[in-house]
Every structure is written in C-alpha cells, then in structure tokens.
Amino acid sequence: MTGISALKVDNLHKSFGQHEVIKGVSMEAQKGDVIAILGASGSGKSTFLRCINLLETPNSGDVYLAGEKIRMKRNRHGETVPADIRQVERMRARLAMVFQGFNLWSHMTVMENVLEGPLYVQKTPKSEALEKAKALLAKVGLADRADYYPAHLSGGQQQRVAIARALAMDPDVMLFDEPTSALDPELVGEVLAVMRDLAAEGRTMLVVTHEMGFARDVSSKTVFLHKGEVCEEGAPGKLFTNPETEQFKAFLSRMN
Amino acid sequence: MDLILEYRSQLVTGTVMTIQLALASLVIAVAFGLLGAWAKLSGSRVARRLALGYTTIVRGIPDLVLIMLVFYGGQVTLNAIGDATGLWGYIEISQFVAGAGTIGVIFGAYFTETFRGAIMAIPRGQIEAGISCGMPRQLIFRHIIWPQMVRYALPGFTNNWLVQLKTTALVSVIGLQDLVYNAFTAGRSTGQLFTFMAAAFVIYLALTGLSDIAFRALNRHYSRGVERA
Ligand SMILES: Nc1ncnc2c1ncn2[C@@H]1O[C@H](COP(=O)(O)OP(=O)(O)OP(=O)(O)O)[C@@H](O)[C@H]1O
Ligand SMILES: [Mg+2]
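Note that the protein sequences, when read in sequence, are chains B and R. Count the first sequence with numbering that gives the first Met the number 0 and you get residues 0 to 255, in order. Count the second sequence with numbering that gives the first Met the number 0 and you get residues 0 to 228, in order.
FYI, nobody ran anything at the bench for these hints, they're computed from the structure. Hints are not guaranteed to be accurate.
To be verified - FRET-style restraints, in silico, Cβ to Cβ:
| no. | chain 1 | residue 1 | chain 2 | residue 2 | range |
| --- | --- | --- | --- | --- | --- |
| 1 | R | 81 | B | 67 | 32 to 40 Å |
| 2 | R | 211 | B | 30 | 53 to 61 Å |
| 3 | B | 184 | R | 60 | 56 to 64 Å |
Claimed, not checked - Computed footprint of chain R on chain B, listed as stretches where at least three residues anywhere in the stretch have a Cβ under 8 Å from a Cβ of chain R:
| no. | segment |
| --- | --- |
| 4 | 89-100 |
| 5 | 109-121 |
| 6 | 217-231 |
As the list claims (entries may be wrong) - Listed below are the simulated SDA-like cross-link pairs for lysine to any residue, each with C-alpha atoms no more than 25 Å apart in a straight line:
| no. | chain 1 | residue 1 | chain 2 | residue 2 |
| --- | --- | --- | --- | --- |
| 7 | R | 165 | R | 154 |
| 8 | B | 138 | B | 183 |
| 9 | B | 122 | R | 126 |
| 10 | B | 30 | B | 14 |
| 11 | B | 125 | R | 138 |
| 12 | B | 68 | R | 145 |
| 13 | B | 133 | R | 142 |
| 14 | B | 125 | R | 165 |
| 15 | B | 122 | R | 142 |
| 16 | B | 131 | R | 154 |
| 17 | B | 7 | R | 127 |
| 18 | B | 22 | R | 141 |
| 19 | B | 30 | B | 72 |
| 20 | B | 122 | R | 139 |
| 21 | B | 133 | R | 154 |
| 22 | B | 133 | R | 139 |
| 23 | B | 72 | R | 136 |
| 24 | B | 7 | R | 142 |
| 25 | B | 125 | R | 137 |
| 26 | B | 30 | R | 67 |
| 27 | B | 7 | B | 64 |
| 28 | B | 72 | R | 223 |
| 29 | B | 125 | R | 154 |
| 30 | B | 72 | R | 141 |
| 31 | B | 220 | B | 177 |
| 32 | B | 68 | B | 14 |
| 33 | B | 125 | R | 220 |
| 34 | B | 68 | R | 136 |
| 35 | B | 68 | B | 58 |
| 36 | B | 133 | B | 188 |
| 37 | B | 7 | B | 75 |
| 38 | B | 122 | R | 154 |
| 39 | B | 133 | R | 138 |
| 40 | B | 122 | R | 165 |
Backbone N, C-alpha and C fix where the C-beta goes; we use that ideal spot for every residue, glycine too.
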C-alpha cells in the first residue's frame with residue numbers, strides 16, 4: 000500500500016463572522032472506509048461536510064481527493080477562495096453529496112434527475128448513461144418510478160433517487176448529511192438498507208447521522224464532533240462500548 | 000357596421016401598430032427585468048443600489064409623464080449634449096422608439112420584481128445539489144434556475160404583459176398611430192366615436208384573450224412536476 004487516502008482533510012477551520020464553527024478538524028478516509036460523524040445539533044457536522052466540497056469556503060485547511068489538493072488562494076479582501084473553479088468543479092463531480100432534504104430537481108423526472116450529471120457534467124454518451132441510470136434505479140428499488148416527478152414520491156423514495164443521482168456520477172467519495180433525518184420513522188429503514196449495501200460494496204462514505212445503529216454496525220470509524228472539534232474517534236466497537244470523554248458519554252445517553 | 004368596414008384599413012394598421020409596440024416594448028422590458036433581477040440578487044452593492052434606484056423611480060412616476068418626458072425632453076437633451084460635445088449630429092427620436100423604449104423601461108421595473116421573486120422562490124437546496132454535482136454556473140442557470148424561474152414568473156409575467164399591452168394606448172398622446180389613435184380619428188371624422196371605440200374595445204379584448212390562451216399553454220408546459228400527473 001502506498002497509502003494515498005481517498006479523502007484527506009487537514010486542519011480545517013471555518014467561521015461565520017466572529018463565530019468559529021469548525022476549529023481545526025482533520026480526517027482521513029481510505030478507500031472503502033465508512034466514517035460516521037456524530038455530534039449534537041450545532042456541533043458543526045453539516046458545515047464540515049459542506050466545506051469538503053466547497054459549498055462553504057473554509058477559512059483555512061486543506062482538502063485532498065486521492066492525493067490531489069483543492070487549491071485555494073486569497074482574494075483582494077484577504078478571504079480564502081478557490082484558486083481554480085474548474086478544478087473545484089472536477090473535484091465536486093467526484094464527491095457526491097446526499098442532503099437531508101433530498102434536493103431533487105422538482106421540474107425533472109426521476110430519470111432526468113439521475114441523468115443530469117452523467118449527460119451534462121461528465122458528457123457520457125446518452126445510451127450508456129441511460130443504461131446505467133436504469134441499473135441504478137433498479138438498485139435503489141425504483142425502476143418503476145423513472146417517469147415520476149419528485150413531488151409524487153414519498154420521502155424515502157426521493158432520498159433513494161437522490162442516492163441514485165449521486166451514484167450516477169461514479170463518485171470516489173460520497174458525503175451524506177443526515178440522509179434519514181427528514182424521513183418518517185417507517186421510511187428510514189429503506190434508505191439505510193441502500194446505504195448498507197453501498198458500504199458492503201466498498202464505497203468510501205462520510206455519513207453524518209443520528210442513527211446510532213448504523214454508525215455502530217456499518218462504519219469502519221466513528222468520529223464524535225463537539226463544538227467544532229473532534230472530541231473522540233475510533234473503531235465503533237470500542238467507541239460505543241467504552242466512551243472516554245464525558246461529552247461523548249453524555250451524547251450517547253441522550254441518544255438512547 | 001358599414002362604417003367600420005369602410006375604415007377597416009385604419010383599424011387594421013392601428014392594431015398592427017399596437018401589437019408591434021407591445022412586442023417591442025416587451026422585449027425591452029424583459030431584458031431590463033432580467034438585468035434588474037440579476038443586479039438585485041448580485042453580490043455587488045453598486046449593482047443592487049442602481050437596480051433599487053431604477054425600480055423605485057420608475058414605479059413612482061405616472062407612465063404618461065415618463066412617455067412625454069422622454070419624447071419631448073429626450074430628443075432635446077440628446078441634441079443639446081450632441082451640440083455641446085460635438086460627438087453626434089442632430090438626432091431625431093421617432094415616436095415608435097420613444098414609445099416602445101419608454102414603455103419597455105417602465106415595465107422592466109415590474110419585470111425586475113417578478114423575476115427576482117421567481118428566482119428567490121427556487122429552493123436553495125436544488126441549486127446546491129447542482130453545485131455539488133460539479134455543474135458549472137451557466138449549466139445550473141440553464142437547467143435548474145431558468146426552467147423553474149419561468150414557472151414561478153409566469154403569473155406575474157402574464158399580468159405585466161396584459162397591463163403593458165393596454166399601456167401602449169398612451170402613445171397616442173405623442174401622435175403614434177396605434178389602435179386608439181386611429182379609432183379615435185375615424186370616430187371623430189365620422190361623428191361615430193362610440194362605434195369606433197366599441198370596435199377598439201373588442202379588438203383589445205381579442206388581443207388579451209389570445210394572450211391568455213398562449214400563457215395557459217406555457218403554464219402547462221412549465222408546471223411539469225408540480226401539478227398532479
Ligand atoms: N450560513 C451560516 N451562517 C451563519 N452561521 C451558520 C451558518 N451555517 C451554520 N451556522 C452555524 O454554525 C453552527 C454549526 O452549524 P451546523 O449546521 O454545521 O451544525 P450541525 O452539527 O450540522 O447541526 P444539526 O445536527 O442541527 O444539523 C451553528 O451554530 C449554526 O448556527
Ligand atoms: Mg446539520
């Protein structure tokens with residue numbers, strides 16, 4: 000193993016105004032890792048994930064995708080900005096994101112949602128993209144919903160479409176931000192099942208979640224964020240049975 | 000009825016003029032509206048201030064005053080500047096340009112608000128989904144923002160257009176021979192003002208009715224994914 004990690008985040012800082020939300024977080028995912036990110040509301044989980052694909056611009060710190068660093072520079076106001084937006088776009092195409100609120104494009108059918116990235120970002124030939132999209136919709140159990148609009152699907156179905164849309168890009172790393180938090184309890188299972196399959200296939204995933212069962216059973220590593228810092232991290236088996244910090248203990252007792 | 004047939008060519012040319020004016024000013028208004036909405040939503044404070052000034056001034060002044068101001072004042076002003084600087088010679092602003100231009104700029108202010116509201120109605124998350132797929136800005140605009148913006152803008156757009164179509168009647172005061180002008184002239188010379196105004200009434204109603212049908216079709220097209228399939 001030469002040890003180039005699929006994703007590496009180095010000493011990331013992010014403030015909103017005076018309020019520092021991420022205070023130097025580092026994280027490394029090898030290919031096939033599933034990292035579960037836990038933390039109380041407001042601990043900075045979403046912000047951290049959004050800094051990785053530059054939906055938020057970090058104030059400092061580096062993100063490497065398969066060893067390639069996302070280059071940043073300072074603008075004339077001294078703010079950190081991407082040095083090359085084309086590079087950022089290329090990196091984003093390899094970093095799929097699944098949102099809490101699904102964020103499907105409401106004017107496009109399920110099929111059009113899944114085809115959009117391959118056809119217009121990756122410029123995949125139509126027939127090839129179509130084959131793959133069909134296979135992905137079958138995989139998430141929605142082959143018969145290809146011509147539906149998002150508004151006509153349940154939340155669980157919409158989230159599975161969003162996962163298919165993310166998979167269509169053949170991403171190197173998938174970022175999930177509380178993918179089941181907006182779902183009715185009876186719909187959570189169907190989405191988690193799809194994510195378990197992805198983990199079993201060896202997909203590299205960062206998953207912000209409140210599903211302790213998923214973190215414990217599926218993740219290869221669990222990270223507990225507290226007030227913008229990594230408070231505790233390690234193998235889930237060890238972390239869940241022997242939490243070391245008071246903060247993580249308190250968090251776990253609140254979750255159960 | 001016979002009278003109307005006798006003067007039908009005046010009514011037809013007037014109607015054509017009205018339609019031309021309405022369409023030309025619509026193009027101008029939409030261009031100003033898109034520019035204004037872009038400015039109002041842009042990160043540049045200067046652009047936002049300019050757009051705010053534009054919509055505030057234009058919406059606060061009667062259309063008729065602006066039309067006369069541009070027609071009678073605009074030419075004088077342009078020529079004064081031309082004389083003083085020697086940059087251009089005598090310029091004549093035609094009635095059509097003054098009319099269509101002024102109405103277009105006036106309604107651009109209303110379209111600015113319509114388009115701005117429509118863009119803001121698009122859920123931010125859908126744009127973020129595009130960004131996180133690596134879509135470049137212009138692709139996000141064409142595939143995600145534009146189609147949904149049109150849908151959200153259509154009701155306001157329809158309304159603006161109908162008012163704008165009727166506002167073209169004001170240009171008869173600067174002597175442009177539109178439907179109202181020609182109907183009025185024919186009515187006066189025959190002493191049958193009521194008959195010709197009734198004819199104008201019916202023609203305007205037909206134009207707005209046709210617009211309504213066209214916009215309904217557009218609305219159906221752009222409401223995909225919203226109405227029950
Ligand atoms: N765009 C923003 N502007 C200002 N403050 C923000 C912004 N986004 C997040 N914050 C603040 O940053 C902090 C961390 O927010 P973040 O959404 O990352 O938390 P989280 O861990 O994802 O919480 P949750 O579990 O509720 O999703 C919060 O205090 C939040 O108010
Ligand atoms: Mg969050």
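Problem - 25 Å Cα cutoff - pair residue 133 of chain B, residue 139 of chain R - result: With a Cα-Cα distance of about 24 Å, the restraint between residue 133 of chain B and residue 139 of chain R holds, given a limit of 25 Å.
Practice task
Verify the proposed pairing of residue 122 of chain B with residue 154 of chain R, using a straight-line Cα cut of 25 Å.
Solution key: 35 Å, violated
Exercise for the section: For the pair supplied as a hint, residue 125 of chain B and residue 154 of chain R, confirm whether the alpha-carbon distance does not exceed 25 Å. Expected result: It is violated: about 35 Å lies between the C-alpha atoms, which goes past 25 Å.
Problem - Beta-carbon spacing of residue 184 of chain B to residue 60 of chain R - inside the hinted bounds 56 to 64 Å or not - result: Taking Cβ atoms as reference, residue 184 of chain B and residue 60 of chain R lie about 58 Å apart, which means the hint holds.
Practice task
Please work out if residue 30 of chain B and residue 67 of chain R have their alpha carbons no farther apart than 25 Å.
Solution key: 71 Å, violated
Handout entry: Straight-line alpha-carbon gap residue 122 of chain B to residue 126 of chain R, limit 25 Å
Key = Holds, at roughly 20 Å.
Handout entry: Satisfaction of hint between residue 14 of chain B and residue 68 of chain B, Cα-Cα up to 25 Å
Key = 21 Å, holds
Practice task
Assess, step by step, whether the Cα of residue 125 of chain B is no farther than 25 Å from the Cα of residue 137 of chain R, and give holds or violated.
Solution key: 21 Å, holds
Problem - Straight-line alpha-carbon gap residue 125 of chain B to residue 220 of chain R, limit 25 Å - result: 24 Å, holds
Exercise for the section: Take a quick look at whether residue 122 of chain B and residue 165 of chain R sit within 25 Å of each other, Cα to Cα. Expected result: Given that 25 Å is the threshold and the Cα spacing comes to 47 Å, the pair is violated.
Handout entry: Holds or violated: residue 68 of chain B to residue 145 of chain R, with C-alpha atoms at most 25 Å apart
Key = 33 Å, violated
Problem - Agreement of residue 30 of chain B and residue 72 of chain B with the hint, judged by alpha carbon distance not exceeding 25 Å - result: Status violated; Cα separation ~28 Å.
In summary, the numbered hints that this structure violates are 1, 6, 10, 12, 14, 16, 18, 19, 21, 24, 26, 28, 29, 30, 37, 38 and 40.
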